[in-house]
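Asks: Chain order of the listed sequences is A and B.
Going by the working numbering, the first residue of the first sequence is number 6, and it counts up by one from there.
Going by the working numbering, the first residue of the second sequence is number 98, and it counts up by one from there.
Among the clues, some could well be false.
[Stated by the list, open to error] Below, a list of computed lysine to any residue pairs in the SDA-like style, where the Cα atoms sit at most 25 Å apart:
#	chain 1	residue 1	chain 2	residue 2
1	B	Lys315	A	Gln89
2	B	Lys211	B	Gly153
3	A	Lys145	B	Asp190
4	B	Lys99	A	Gln89
5	B	Lys315	A	Ala36
6	B	Lys315	A	Lys219
7	A	Lys219	A	Ala36
[Unchecked claim] Listing some non-contacts, in silico: residues in chain A with all C-beta distances to chain B over 12 Å:
#	residue
8	Gln90
9	Asp142
10	Asp143
11	Pro173
12	His212
13	Pro284
[Claimed, not checked] Under 10 Å between C-beta atoms, here's a sample of chain B residues computed to sit facing chain A:
#	residue
14	Thr162
15	Lys170
16	Leu179
These are calculated hints, taken from the structure and not from any lab test.
Using N, Cα and C, we set each Cβ at its ideal position, and we do this for glycine too.
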Amino acid sequence: MREFVLDGDARHGPDVLAAMAGGVTLDGGLAWANGGRSQASRRSWLDTFDWRLYRAGLTLEQAACRDRTDLILTGRDGETMAEQQLTPATAPRWPCLVSELPPGPIRELVEPVAGVRALCPVVRATSKVTELRALNDDAKTVARLAVDRMAVTFPARAAPPVRLMLSPVRGYAGITDRIGGAISGVPGIVAARGSALETVLAAAGLHAGDLPGKAAAVPLSPSIPAAQGLAAILTALLDAVEANVPGTRRDIDSEFLHDLRIAVRRTRSALKLCGRVLPAGLTREYRAEFRWLGDLTTPTRDLDVYLLDFGRMTAGLIAAAPADLTPFHDYLVRSRAAQHRRLVAGLRSARFARLTLSWRAALEEIRPARKRPTLAQLAADRLSAAQRKALRAGQLISPGSPPESLHELRKRCKELRYLIEMFGSLYDPGQRWQAVRELKALQDCLGSFQDAEVQLTEIRAFARQLLADRSVPAETLLAMGEIAAGLAVAQRDARREFDGRFADFASEASQDRLAELTRIAGPAGGAGR
Amino acid sequence: MKIFATYNIKGGVGKTVTAVNLGYLAARDGHRVLLWDLDPQGAASYLFRIKPRVKGGGKALIRGTKSVDSAIKGTDFDGLDLLPADFTYRNLDLLLDSAKQPARRLAALLAPLKADYDAVFLDCPPSISLLSESVLHAADLLLVPLIPTTLSVRTLDQLTEFVSGFNGHRPDVLAFFSMIDRRKRLHTQIAADLPAQRPDFAATAIPALSLIEQMAVKRAPVSAFSPRSLAARQYSQLWQEARDRAGLTA
C-alpha cells in the first residue's frame, strides 16, 4: 500500500475527487469510479504512557463504526498483525491493563511489550473514508484509493491533512505502481511521511515517543553556570513528578507512582549533592519538603512491589499450596487500597500544591550572579566525590558487616548513578554506558539484597498483624513462612554474589572508566566543548 | 480449507453460476475464498471481468513451474479471489496424464493454499475425464446441479457409485435441482418429490430465472447486483445447506 497526504488543511485543501479527475491521467484505458458509500468510524490509538508499543514498532487501534468495533494491531511495516472484533461484553474500558484485554493474539503480542503498564488512549479521531476504484477497460477494479478525512477529538481538536491510501488488487501490482506514480505527480499531493497515528498526533501538536513522565537527561551545555544547569535539571524532574501525578491519583498502573518516586529521589539527591550552588536557604527548605513527598509515596510502593511479585512468590512454594496465600493476598490488596487513599489525599493536599507551585517559581527565579563554577566543573567535582565515597563504603564491608552497611553502600552507588544520569548530556552515550556497566551490576546485587531485607521485615510485620486480627488460618501463616524462607535464601545468594560484584566495580579498569567521565566533564573537557 | 466443486457431466446446467454465487456468498460471510475457473471457456473469469489467461498456461501450473499462488487475481469483491481460466486448460487431461499420481494432482496443487483460504470452489468443465477424477479426489463436497429429469437422476446415481469406489478420501455429494421450469409439470413434480426422499439432495432448488441469465450482462453474482431477488435468496439458502454439509464454520 502506498500512502499520500493532501498538502494543507483538511477543511480548506483541494477536493480530492477534483484533483484525481483533473490531475491524474490514467493511461491504458483506466478510469476512476466512485467506490460506494463512505464509511464513518471513531478511531482511538492506544499505548502505554511511556509509548512502549510505539517504541517497539507496534500500533494498537480501536476502530468503531456503526455496527462493529475492532481492535487492530499493526507492525512497523504497517501490515496488520492481528485483528479482533470486540463485543459489548469484551470491549475494554480504557485505560486498562493488558491482562484485562479479551484473550487472543493481540493480548499475547502486546503483553510482553507493555508489561505492567496500562493501555491508555493517546489520541482519538473521527474518520470518514470514501473509496475510489481504478477500473480497466473491462470495468474491472484493479486498484483502490481510500480517501480518509479525519478530525482529531482528543487530546485537542485538530484537522489533520487528508490521507490517501492506494492499495493494489491482487494480481494487478504493476498497474497500481503506475497509478501511484501518477498520483504523486498531482500538485498538492505528497507521499505520507508517517503513519496515520503520526499524522493525527502531529495535527494535535504531539509527538509519538515523547516521555513526559520519565526523568530523562536534559540536553545542557557544559559551560553554562552550574546553578543555571542545575535549575534546568530540577525543572525537568519537577515536570516528571507532575506528569505522573494524574496517573498515580487515578491508579492507572503502578509505574506512574514508580516513575514519580524516581523523579522525587533524583530531586532529593540533586539537592543533597549539588544544592550548594543554589541560593542559600532554598536547598534546606525543599530537601525537607521532597523528603515528605518521598515518605508519602513509600507505603503504597512497597505494597505494589509485594503484589507485583506475588505470582513469582507463590510459584516458588514447595510445601504450601498457592491457595493458602489467598488471605494474605487479600490483606495486601486491602492495605494497598487504604495506603493509596492516603497517598491521593496527600497529592490533593494544599502542601503538595504549594510545594510544586513554589518550587517551580523558585527554579524560574534562579539567575546565577557568577559564571563559575560551570556545570561541567560541578559535575566533575560531584562525580569524583561520589565515586570516592562509594569506593570507601564498599571497602569497609567485611563478611561480618551488618545489612545496614550494604544498604549504605547501595545509597552511595545510587547517588553516583543519579549524578551520571543527571549530567548525562555532557557525556558520550557509549562511554557513559561503558562507565556504568560494573556499577549497574553492583547495584542490581545490592538491590536484591536490600529488597529481600525489606520484604523479610515487612512479612514478619504482616504476619504479626494477621495473627493479632485472628483473620487467617494457620496454613496462611505457614505459607508466609515459606515465602520468608525464600526471601532469606535470595538475600543469602545476593550476599554471596556481592564480593565478586564489588571487586569488578573497584577494579582499576572500572574506576578509570568512571574517572574518565570526570575528566571529560571537568574544566579541561568542558573548555574544549 | 474446504474444497467445493460444482460438477456435472453435462453442460449448461448451472455449474458456473452456482460456483460464482456461492463463492461470492462465502466471501460475504467473511471467509477467504478462491474460485478456480477450470473450464477453458472461461465463463467464471468473464463474469468477474478477469482475462482468461494464465502465464505459462495449464502446463506451467500442472508441472509446478508456476505456482498456483502467483496466478491468482483479486476480484472486485472483498475476500474473493479467482484463479483464471486459460484456453490451454483444454489439454489438462493430457498434462495430468503425464504427471505423477494424476488423480491427486489438483489436491497437491491446492495444498500450499491452506493457510490463505477457508474455501476453494472448483468450477469444472462438463466431462468425464482425468481432470474430473482429479477434481473429485480433491473436493470435500461435490455440488451437482441437475435439471429435474429422470435421466439426470440416473446420472447422479452413477456419479455417487463411482465416488464410493474411491480409496481413502471420498467427497460428500450434494445434488440440487437447477433451472427448474415451473411451466413443466415433470420439473415441478420431480423437484418436489425427490429431495424429501434422498439424503444427497439439497432442499433448496434454483428456478430458471431471467435474472440469473442477466449475470452475463451485469458481469457480477446475482447476489451482488440484486441481493433481494428470488434468485439471490435461493442461492443464499443453497449456500447455507452446502456450508453446513461441508462443516465450514462461520
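Asks: Run every hint past the structure and note whether it holds.
Replies: Evaluated hints:
In summary, the hint linking B/Lys315 to A/Gln89 is not supported, as the alpha carbons are separated by about 35 Å, beyond the 25 Å threshold. Using a Cα cut-off of 25 Å, the hinted pair B/Lys211 and B/Gly153 holds, with the two alpha carbons roughly 23 Å apart. Proposed proximity of A/Lys145 and B/Asp190 is contradicted: the alpha carbons are some 31 Å apart, above 25 Å. For a cut-off of 25 Å, the pair hint linking B/Lys99 to A/Gln89 stands: about 23 Å separates their Cα positions.
With a C-alpha separation of about 18 Å, the suggested pairing of B/Lys315 with A/Ala36 holds against the 25 Å cut-off. For a cut-off of 25 Å, the pair hint linking B/Lys315 to A/Lys219 is broken: about 62 Å separates their Cα positions. With a C-alpha separation of about 53 Å, the suggested pairing of A/Lys219 with A/Ala36 is violated against the 25 Å cut-off. Against chain B, the non-interface label of A/Gln90 is violated: not every CB pair exceeds 12 Å, the least being about 10 Å.
With a minimum CB-CB distance of about 10 Å to chain B, A/Asp142 fails to clear the 12 Å threshold, and the non-interface call is violated. In this structure A/Asp143 is not separated from chain B by more than 12 Å, as the shortest Cβ-Cβ distance comes to only about 4 Å. With a minimum CB-CB distance of about 8 Å to chain B, A/Pro173 fails to clear the 12 Å threshold, and the non-interface call is violated. With a minimum CB-CB distance of about 35 Å to chain B, A/His212 clears the 12 Å threshold, and the non-interface call stands.
Every C-beta of chain B lies more than 12 Å from that of A/Pro284, the closest at about 69 Å, which supports listing it as non-interface. Taking 10 Å as the C-beta cut-off, the interface hint given for B/Thr162 is violated, the closest approach to chain A being about 18 Å. At a threshold of 10 Å, the smallest CB-CB gap from B/Lys170 to chain A is about 3 Å, leaving the interface hint in force. The interface hint given for B/Leu179 is met, as the beta carbon of that residue sits about 9 Å from the closest beta carbon of chain A, less than 10 Å.
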